[in-house]
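Undergrad: Now for the letters of each chain:
2 protein chains.
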Amino acid sequence: MTDDARDRPVRVEQDLAEPGYRRGVIALLGVLAYGELVGFLTIAQEAGFASSSQDKVTLAKVATQEFAHYERLATRIEELGADPHQTMAPFTRAVDDWHRRATPADWVEALMKVYAGNSIANDFYREVSELVDPETRRLTREALEDAGQVEFAAGELRRAIAADDKVAGRLALFGRRLIGEALSQAQRVAAENDDLMGLLVDTGSGYGLDLRDWMHMFTRLTDAHTARMEALGLSA
Amino acid sequence: MTDDARDRPVRVEQDLAEPGYRRGVIALLGVLAYGELVGFLTIAQEAGFASSSQDKVTLAKVATQEFAHYERLATRIEELGADPHQTMAPFTRAVDDWHRRATPADWVEALMKVYAGNSIANDFYREVSELVDPETRRLTREALEDAGQVEFAAGELRRAIAADDKVAGRLALFGRRLIGEALSQAQRVAAENDDLMGLLVDTGSGYGLDLRDWMHMFTRLTDAHTARMEALGLSA
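If you read the protein sequences in the order shown, they are chains A and B.
For the first sequence, the working numbering begins at 56 and goes up steadily by one.
For the second sequence, the working numbering begins at 56 and goes up steadily by one.
Derived by calculation from the structure, the hints in this document are not laboratory data.
Among the hints, erroneous ones may be present.
Note that the list lumps identical chains together, so a pair holds whenever it fits in one copy or between two copies.
[Said to hold, decoys possible] Below 25 Å or equal to it, Euclidean Cα-Cα: the simulated SDA-like pairs (lysine to any residue) are:
1. K116 - D257
2. K116 - G253
3. K116 - D151
4. K116 - E134
5. K116 - A137
6. K221 - R127
7. K221 - Q240
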C-alpha cells in the first residue's frame, strides 16, 4: 500500500455488481492477459539467443509460467461474462509496440529485459492490485509470481558486465529504453481506455488514485528501476 | 508395428541392465528431449507470425505441451542416471540445423511446419518406439500427443490455399524442404551416434531393424508425407 493511497476506500467483491467497476476489472484482466500471452511469446523468442540447453530450459520455464498465468486470467475474464480475445483487443497495439521497441539485440539484452522489463511490469501490477477487490488482487498477484528468473538474469548480467567493459554502457542504454517505453505505453493504455482509466484513477467514483497519486506511482516505478540498474553498477 | 519387423525380438524393461541398450535408450531420450525443447522454442517463435490473439493462444498451447514433454523426458534421463544436458549435447547441432533450414518465412509456412514437420517427427518416433522396452515406448508415445494442432493447421492451410492460387506452389516447395531436411538430419544423427545406431539398427545385437528395414522405414516416412501433402491438394 502506498502512503498516498492509504486512507482511500478499498474495493470489495460486491463492487463487481457495479457495471463500471466490472468493466474496469475486465479491462485490467484483459491488458494483463495479453501482456502475459505476449510475454510468453517474447521470452520464448529471446531464449533463441541462449547458446546452452541449460539456459534455454531456464527461459522456457519462465515462458510457460507466463502462459499459465494467461490461462488463469482468460478463465477469470470468462467467469465475469466476457470474451478473452475481445477483452484483449484494445490493448494489443500498445503491448506489441512495447515489445517491438524493446526488442533485445542479443543474449545480454534479453537478460536485461527479463531483469528490468519484467520487474517494471510487476511493480506496476503490484501497485494496481492495491486498487481492486481481493479476488482480482489475488489473481493479479499470482500473475506476478517469479520462478527465480529475475535473480537468474541478475547473476548472468553481473558476470557479463564483469567480463566485458563495453557491456555496461550498452545495457545502461537499453535499460533506459525499457523504462521509457514502459511508462509511455502504460500511460497511453490507461489514457486510451475509459474502462481502465475509470478503475485506476478517481474521476468522481470515489475509488482509485487521484491524478497526483497516479503520477506519484510512475515516479515510484522509475525510482525502483533506477535502484535495480544501480544494483548492477549501471547508470540509470 | 511394421511388416518387416513383426517377427523380430522385442526389447523388455530388463534389457535396461545391459549397458549398450541403456546407452542407446538414453541417447534416444536425449535426441527426443532436445527436439521437444527446440520444438517448444520454434513453435513459440512461429506464433509471432500469428496476427490474431486466438491463433497466438493456439500455438502457445502446442508449445507448452512440447515443453511438458521435454520435462518428462529429462526426468526419465535423470532416473536412468544420466544428465539431460550432457545427453542432449551430441544432438543439438543436427536439431538446430533442421530448424534453421526449415525456418518458415511467414504464417502459412509456419502452419505447414506444424502440419507436415511435426507429423514427420511423430511418424519417426512412432516407428522407433516399436523397437524399445514398454516404459521407454510409453514415454516416447506420450511425446507424440497431439493437442489438435495438426488438424488446426490443416484447416488453416486449406483456407489459405483456397484463398490464394500462389500459396499452393510455395507450400509444395516448403513441404519438400521439410521432408528432405528431416530425412537428411535423422540419418545424420543416427549415423554419427553409435549409441543410437546400436539401438535402432541391428549390427549384431539381434535387436533393432536390419539395414534394409531401416531404409524401408524412411520410405514409409516419405510415403506418409506425400499422402499428407496430397490431402491438401499439393504436389509432394
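Undergrad: If a hint holds in the structure, say so; if it does not, say that too.
TA: Tested hints:
1. K116 - D257: Neither way: K116 and D257 sit 38 Å apart in one copy and 38 Å across, limit 25 Å.
2. K116 - G253: Result: close neither inside a copy nor across copies, 35 Å intra and 33 Å inter.
3. K116 - D151: both (22 Å within a copy, 20 Å between copies)
4. K116 - E134: between (27 Å within a copy, 21 Å between copies)
5. K116 - A137: For K116 and A137, the Cα distance is within 25 Å only across copies (21 Å; inside one copy 29 Å).
6. K221 - R127: neither (42 Å within a copy, 40 Å between copies)
7. K221 - Q240: Neither. Shortest intra-copy (29 Å) and inter-copy (39 Å) distances fail the 25 Å Cα cut-off.
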